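Undergrad: Go by the hints and put chain B onto chain A.
Number of protein chains: 2
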Amino acid sequence: MLEANVYVRLKKTITDPQGLAIKHALDSLDYKDIEQVRVGKVITLRLDTKDKKTATRQIDEMSKKVLANPIIEDYSFDIKGE
Amino acid sequence: MLEANVYVRLKKTITDPQGLAIKHALDSLDYKDIEQVRVGKVITLRLDTKDKKTATRQIDEMSKKVLANPIIEDYSFDIKGE
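Chains as they are written, first to last, in our numbering: chain A, 1 to 82; chain B, 101 to 182.
Please note that a few of the clues may not be correct.
Unchecked claim - Label pairs and their in silico Cβ distance ranges:
#, chain 1, residue 1, chain 2, residue 2, range
1, A, 13, B, 136, 31 to 39 Å
2, A, 20, B, 121, 25 to 33 Å
3, A, 53, B, 171, 34 to 42 Å
4, A, 14, B, 165, 24 to 32 Å
5, B, 152, A, 49, 37 to 45 Å
Stated by the list, open to error - Covered stretches of chain A (in silico footprint by chain B; criterion: 3 or more residues with CB under 8 Å from a CB of chain B, positions within the stretch not fixed):
#, region
6, 21-34
7, 38-51
8, 56-68
These are calculated hints, taken from the structure and not from any lab test.
Keep in mind it's a predicted model, so treat the numbers as computed, not measured.
Just so it is clear, CB atoms sit at the ideal spot from N, CA and C, and this is done for glycine as well.
Bound-form chain A, shown alone:
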């Protein structure tokens, strides 16, 4: 059993309205040190396999095809378990 976390974030050059909204909310609550807020997704996949190598290849493929939109998003992932 493997567990993978895929982190999908908007590319740095893309405006993040959700992040801006959160920043404004935090500003209005008097948190003064916040420079930037960006919101991304974390997709947790539980895989019924022990083959980490194949899993790595497949997750990279899935990320490109389904989980992230490569035009506006970057992704990264880690895999835990055995």
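TA: Using the frame of chain A, we list chain B on its own:
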């Protein structure tokens, strides 16, 4: 400058329709090993401070008040930088 990642996920007992939709999409693309997909948020905060202790306290507070809905979501976070 500190950078914090806050991970907000639905509690295990809460149904995750977005995760189910992704699982179906991956099933239909013939990825057979996938047991479960859950979708959460990762909120990246850039803080203009070096005080990790205060930042930790504040981020915990923000998570409870703004970033997560404690009734249906769990959160965790890490802080990097100095």
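Undergrad: Could you tell me whether the CB distance from residue 20 of chain A to residue 121 of chain B stays inside 25 to 33 Å?
TA: 27 Å, holds
Undergrad: Go ahead and decide if the range 31 to 39 Å is satisfied by the Cβ distance of residue 13 of chain A to residue 136 of chain B.
TA: Cβ of residue 13 of chain A to Cβ of residue 136 of chain B: about 33 Å, so the range 31 to 39 Å holds.
Undergrad: Within 24 to 32 Å or not, the Cβ separation of residue 14 of chain A and residue 165 of chain B?
TA: Holds, since residue 14 of chain A and residue 165 of chain B (Cβ atoms, about 27 Å apart) stay within the stated range.
Undergrad: According to a criterion of three or more residues whose C-beta lies within less than 8 Å of a C-beta of chain B, is the region 38-51 of chain A covered?
TA: holds (count 12)
Undergrad: Can the region 21-34 of chain A be counted as covered by chain B under the rule of three residues or more with Cβ-Cβ separation shorter than 8 Å?
TA: holds (count 7)
Undergrad: So the hint says 37 to 45 Å: do the beta-carbon atoms of residue 152 of chain B and residue 49 of chain A match that?
TA: This hint holds: roughly 38 Å between Cβ atoms.
Undergrad: Starting from the hint 34 to 42 Å, judge whether the C-beta atoms of residue 53 of chain A and residue 171 of chain B obey it.
TA: 40 Å, holds
Undergrad: Can the region 56-68 of chain A be counted as covered by chain B under the rule of three residues or more with Cβ-Cβ separation shorter than 8 Å?
TA: holds (count 5)
Going down the numbered hints, you'll see the structure goes against none, and every one checks out.
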